[in-house]
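S.K.: The listed protein sequences correspond, in order, to chains A, B, C and D.
First residue of the first sequence: 60, per the working numbering; consecutive thereafter.
First residue of the second sequence: 60, per the working numbering; consecutive thereafter.
First residue of the third sequence: 12, per the working numbering; consecutive thereafter.
First residue of the fourth sequence: 12, per the working numbering; consecutive thereafter.
Hints should not be assumed to be uniformly reliable.
Subject to a maximum C-alpha distance of 25 Å in a straight line, what follows is the list of computed SDA-like cross-link-like pairs (lysine to any residue) [what the hints assert, rightly or not]:
hint	chain 1	residue 1	chain 2	residue 2
1	A	Lys179	C	Lys390
2	B	Lys158	C	Glu76
3	D	Lys393	D	Leu426
4	A	Lys185	C	Arg422
5	B	Lys75	B	Met192
6	A	Lys75	C	Tyr424
7	C	Lys390	D	Leu285
8	C	Lys393	D	Leu426
Some chain C residues flagged as far from chain B (calculated, every beta-carbon gap over 12 Å) [unchecked claim]:
hint	residue
9	Thr61
10	Gly70
11	Glu76
12	Glu77
13	Ala91
14	Leu316
15	Gly427
It should be emphasised that the hints constitute simulated quantities derived from the structure, not laboratory data.
Predicted, not measured: the structure shown is a model, and the values here were computed from it.
We put the CB at the ideal spot given by N, CA and C, even for glycine.
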Amino acid sequence: MELDSLYQEVILEHYKRPQNKGLLPNQTVQVHHVNTSCGDEITLNLKLTNGVISEISWDGVGCSISQASTSVVSELLKGKSSDAALSVIETFQAMLQSKGSDRGDESILEDGVAFAGVAKFPARVKCALLGWMATKDAISQSLALTGNNAKKEQK
Amino acid sequence: MELDSLYQEVILEHYKRPQNKGLLPNQTVQVHHVNTSCGDEITLNLKLTNGVISEISWDGVGCSISQASTSVVSELLKGKSSDAALSVIETFQAMLQSKGSDRGDESILEDGVAFAGVAKFPARVKCALLGWMATKDAISQSLALTGNNAKKEQK
Amino acid sequence: MNYFDVSAVQADFPILGRQIRGNNRLVYLDSGATSQKPNSVLDAERDFYTQHNAAAHRGAHQLAEEATELFESARERVAAFIGSKVDEVVFTKSATESINLVAYSFGNAEQGSRFHIEAGDRIVVSEMEHHANLIPWQELARRTGAELVWLSVSDDGRLDLTNAESIINSKTKVVALTHQSNVLGTINPVNEISKFARRVGAFFVLDACQSVPHYAVNVKELDVDFIAFSGHKMLGPTGVGVLWGRQELLDEMPPFLTGGSMIETVTMQSATYLPAPKRFEAGVPNMAQAVGLGAAIDYLNRIGLEKIHQHEVQLTKACLERLSQIPQLKIVGPSDMELRGGVVSFTLDGVHPHDLGQALDQYGIAVRTGHHCAWPLMKRFKVVATTRASFYLYNDLADVDALVSGVERARDYFLGR
Amino acid sequence: MNYFDVSAVQADFPILGRQIRGNNRLVYLDSGATSQKPNSVLDAERDFYTQHNAAAHRGAHQLAEEATELFESARERVAAFIGSKVDEVVFTKSATESINLVAYSFGNAEQGSRFHIEAGDRIVVSEMEHHANLIPWQELARRTGAELVWLSVSDDGRLDLTNAESIINSKTKVVALTHQSNVLGTINPVNEISKFARRVGAFFVLDACQSVPHYAVNVKELDVDFIAFSGHKMLGPTGVGVLWGRQELLDEMPPFLTGGSMIETVTMQSATYLPAPKRFEAGVPNMAQAVGLGAAIDYLNRIGLEKIHQHEVQLTKACLERLSQIPQLKIVGPSDMELRGGVVSFTLDGVHPHDLGQALDQYGIAVRTGHHCAWPLMKRFKVVATTRASFYLYNDLADVDALVSGVERARDYFLGR
Ligand SMILES: Cc1ncc(COP(=O)(O)O)c(C=O)c1O
Ligand SMILES: Cc1ncc(COP(=O)(O)O)c(C=O)c1O
């Protein structure tokens with residue numbers, strides 16, 4: 060049954076028990092993303108310490124796909140360098156935009172491969188990407204910020 | 060041949076030798092009408108003397124239908140009372156808007172019945188009506204004007 | 012009870028034979044977004060293209076004459092359908108364009124014109140507007156400095172009119188309101204509200220997108236100045252909408268889109284404009300779509316709007332009754348059939364509308380999920396989104412059954428694990 | 012010489028089998044006003060309605076997904092056709108809307124925006140513009156207080172560029188020009204003129220209605236900012252047009268029509284807007300028409316625009332040569348094929364274009380007569396109207412023959428008596 064191929068056990072698990080949900084203070088940046096086609100919203104705090112993501116926390120409302128996917132990305136990228144994280148995000152994005160041809164590399168994406176099936180439902184791709192795009196945005200903003208700070212210190 | 064049913068001999072005659080073409084001075088009113096779909100233009104002078112159309116003269120550029128039709132109306136209504144003239148115009152208009160079912164009353168419209176065939180060509184109805192509508196407008200304006208004058212005199 | 016032969020109607024809509032996600036029968040419950048099209052509409056469009064296609068109002072040759080005649084006869088059909096004069100019907104591309112047309116035309120009116128809007132003036136909308144009848148007014152307010160205020164919505168999904176008199180005050184130039192909410196199904200008491208507008212001399216713009224397709228709307232009986240609706244929601248083609256406006260207003264309003272076929276005379280410096288409806292139909296018009304809309308109206312008339320309405324009431328009533336037996340389900344909107352159309356929105360505790368919609372789709376049931384282009388209304392009801400089923404003449408009680416059991420199955424799928 | 016199998020092409024257009032005024036073969040020489048449609052375009056539209064119809068970008072069910080995919084794939088086709096990025100293609104209802112969109116969007120830009128236009132600024136057009144590329148700029152000038160000036164046309168129907176540098180001066184914010192005149196057939200040297208615009212930082216809007224359907228137009232090679240064209244003149248359905256704009260401009264410009272599907276977030280007071288192209292596509296879009304336009308582009312690509320162009324050049328050349336042998340006939344426009352498309356306007360001494368057109372129609376020949384929505388150009392050439400024949404891929408030399416002998420017959424009819 061195709062519904063199961065979309066809603067893998069892993070996804071429903073993360074949906075019921077989302078990781079890192081609840082905003083932590085002391086973030087480097089906070090971002091707020093909205094899925095304009097359905098109104099789902101997410102707020103995400105990210106802390107970058109010496110180029111490494113030391114914390115991701117988030118809150119928001121959304122469907123199982125967007126909630127689970129945000130839970131997965133927040134687990135997966137914690138402890139990774141910003142470069143490594145951005146590359147993982149790229150891998151995930153490529154899988155989602157492959158229309159189903161790319162089943163995802165489990166060694167890189169771990170639980171994230173559960174979302175491979177979403178790629179066949181174009182209207183849901185944005186749900187699966189919501190948390191990931193928020194994270195990507197947060198990393199870029201953090202880098203810009205710490206880069207700026209670095210520059211300021213040089214002056 | 061249907062072209063002949065549109066371009067009756069009478070029409071081509073009036074087109075080649077238009078009556079009352081060339082504007083006369085001393086009009087009661089002057090009107091300027093344009094056929095917006097093709098750009099044809101007509102200027103018409105009308106003189107109302109004691110409620111009777113004593114002169115109609117006109118100038119303009121246009122197709123054979125609009126030129127001939129203006130020539131016909133200027134001949135036909137000269138000497139008629141404004142009421143009689145308006146009623147003739149109404150008869151002509153009804154014929155043109157009948158889509159071909161009304162062949163026109165020759166005792167009223169005289170040469171005007173030659174335009175009965177135009178009613179079958181919706182895009183040309185406006186051409187045939189251009190001079191007639193200008194005359195109608197000129198009569199109304201003249202009446203309003205002389206009515207106003209009459210009122211002014213009463214005061 | 013059958014008001015007409017529903018299965019004969021279904022046979023006129025080829026798409027209803029489609030199979031969805033495997034071999035599920037299509038249960039199409041998204042007519043509020045766009046309706047399906049009967050063969051007669053598609054045939055009318057094709058006949059236009061294969062027999063009569065030419066630029067209407069722009070040529071004297073036979074095809075151009077025929078195209079003009081067909082286009083104008085579509086206008087006559089629309090006029091008869093809403094009880095208006097022929098020249099009061101303006102063809103647009105959509106209800107969205109129709110409403111923007113009014114907003115921009117007012118914005119174009121010079122000082123001294125009765126359509127002119129400026130700082131200090133007020134524009135009144137409601138909290139249940141579709142974005143199409145909200146944002147054009149926000150933008151007009153922004154451009155002119157006018158103030159935008161609104162009627163709010165009560166918990167049972169009705170307009171709150173208790174302070175209508177102070178909201179629609181003497182500064183009010185425009186009241187823009189939906190006839191029927193595309194989310195709640197609520198039908199607004201138009202003539203009651205327009206009294207407030209009349210009292211202060213405000214223009215009344217009615218968004219009739221969700222009413223005209225479903226029950227008889229007669230502009231002679233409605234005390235409003237403009238109505239807007241879309242062809243694609245009433246069995247017609249995409250790409251055609253209607254603005255109806257009172258003749259004396261349309262003839263006086265400044266144009267919106269400018270270009271060919273709407274002019275009287277043109278110099279390099281300036282132009283004068285034809286009377287309505289041409290004044291508002293610049294360019295080669297959407298002829299085939301207007302003709303298709305004419306055929307759609309013929310189809311609706313053949314069945315009869317009164318019967319269509321009763322049929323939809325019957326389905327909606329059954330749907331409301333059955334859905335409210337699902338304990339986790341909450342109806343968003345009036346729960347009875349009093350002043351209510353065939354649109355049913357709901358939420359299901361613990362299941363996000365997107366997930367519910369996905370599951371229903373898997374069973375062949377097409378519903379709309381999301382904010383339904385009525386974001387402020389979602390906030391009003393403190394939901395992110397709802398699931399919406401909307402009915403039309405080709406739906407039947409089997410569709411209601413499919414929906415209800417689909418919702419139960421989906422609930423068990425997501426909550427049962 | 013045959014560049015492609017013209018009779019096979021003709022067989023794809025059912026309307027060409029029509030008989031006119033009795034049993035005359037239809038000789039359709041009015042493609043400049045609107046083109047005829049091949050079966051494949053009508054089939055694509057019908058397939059959309061009978062298999063995939065749903066509101067694109069507004070639902071998650073299978074039909075909505077398919078409708079979205081088809082609509083967006085039409086956009087990809089248009090983009091590939093003009094060599095642009097996908098997101099630079101905005102679907103409108105017509106070229107007229109496309110041009111109005113730019114004019115209104117600029118008019119909506121606040122002070123400080125690079126699109127803002129105000130008193131003291133200048134907008135430059137030409138004397139050969141179609142009303143669609145003239146009146147929107149007159150109106151923008153009127154609303155903002157900007158000055159409207161124009162490039163004039165020389166006796167041989169070319170743009171007079173001798174004083175272009177002083178006309179397109181440093182105050183100039185917009186230059187709006189036609190790629191090819193719909194009356195004269197003149198093709199303007201776009202990149203030469205856009206140099207003047209670039210020098211002063213003005214935006215360049217190109218009306219490509221008469222070029223895109225007939226020869227390859229690649230926005231990468233054109234040094235312009237916007238191009239506008241209509242689907243119905245290029246084998247596509249009525250009710251669909253395109254605006255192409257440089258991405259960085261479209262993304263920064265204020266919206267024009269507002270409503271659903273173009274918003275990011277909405278409160279009762281204000282809204283934020285999606286990036287282009289969605290920002291400019293409010294409402295349920297003209298999906299079937301966009302899909303039909305995609306099929307039209309497939310058809311044109313199958314024949315090849317280069318071949319279509321050469322075919323038209325051949326017909327136009329023959330037409331010009333043969334018509335100029337009629338002593339009473341005057342060509343309005345360039346008499347050679349240098350920078351010239353398949354549109355031939357003329358006058359016949361002593362026979363008004365309306366009468367000539369009527370006679371030709373009687374013989375089955377459809378031409379356009381009148382001012383062709385280019386009234387100022389008529390005045391420039393001191394004519395009330397012209398007769399215009401315009402060619403497309405389904406015309407052949409027999410059509411040229413029919414036209415020429417038709418003109419001779421009509422002349423004898425009116426002047427011979
Ligand atoms: C040069 C030119 N510009 C603009 C237009 C307007 O196109 P539409 O009427 O399809 O909007 C036309 C055709 O009528 C045209 O020939
Ligand atoms: C109440 C209401 N108003 C306006 C619209 C806008 O209609 P369209 O998108 O056809 O312009 C819709 C439908 O989307 C609607 O339901």
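S.K.: Would you mind marking each hint as holding or not holding in the structure?
M.R.: Each hint tested on the structure:
1. A:Lys179 with C:Lys390: violated (31 Å)
2. B:Lys158 with C:Glu76: Satisfied, since the Cα-Cα distance of roughly 12 Å is no more than 25 Å.
3. D:Lys393 with D:Leu426: holds (22 Å)
4. A:Lys185 with C:Arg422: holds (23 Å)
5. B:Lys75 with B:Met192: OK: B:Lys75 and B:Met192 at ~22 Å, within 25 Å.
6. A:Lys75 with C:Tyr424: holds (13 Å)
7. C:Lys390 with D:Leu285: holds (20 Å)
8. C:Lys393 with D:Leu426: Judged against 25 Å, a Cα distance of about 79 Å means the pair is violated.
9. Thr61: Correct as stated: the minimum Cβ-Cβ distance to chain B is 22 Å, above 12 Å.
10. Gly70: violated (7 Å)
11. Glu76: violated (5 Å)
12. Glu77: It is violated; C:Glu77 is separated from chain B by about 10 Å at its closest Cβ, not greater than 12 Å.
13. Ala91: holds (19 Å)
14. Leu316: It holds; C:Leu316 is separated from chain B by about 31 Å at its closest Cβ, greater than 12 Å.
15. Gly427: Given that every Cβ of chain B is farther than 12 Å from that of C:Gly427, nearest at about 68 Å, it holds.
Hint check: violations occur at hints 1, 8, 10, 11 and 12; the rest are consistent with the structure.
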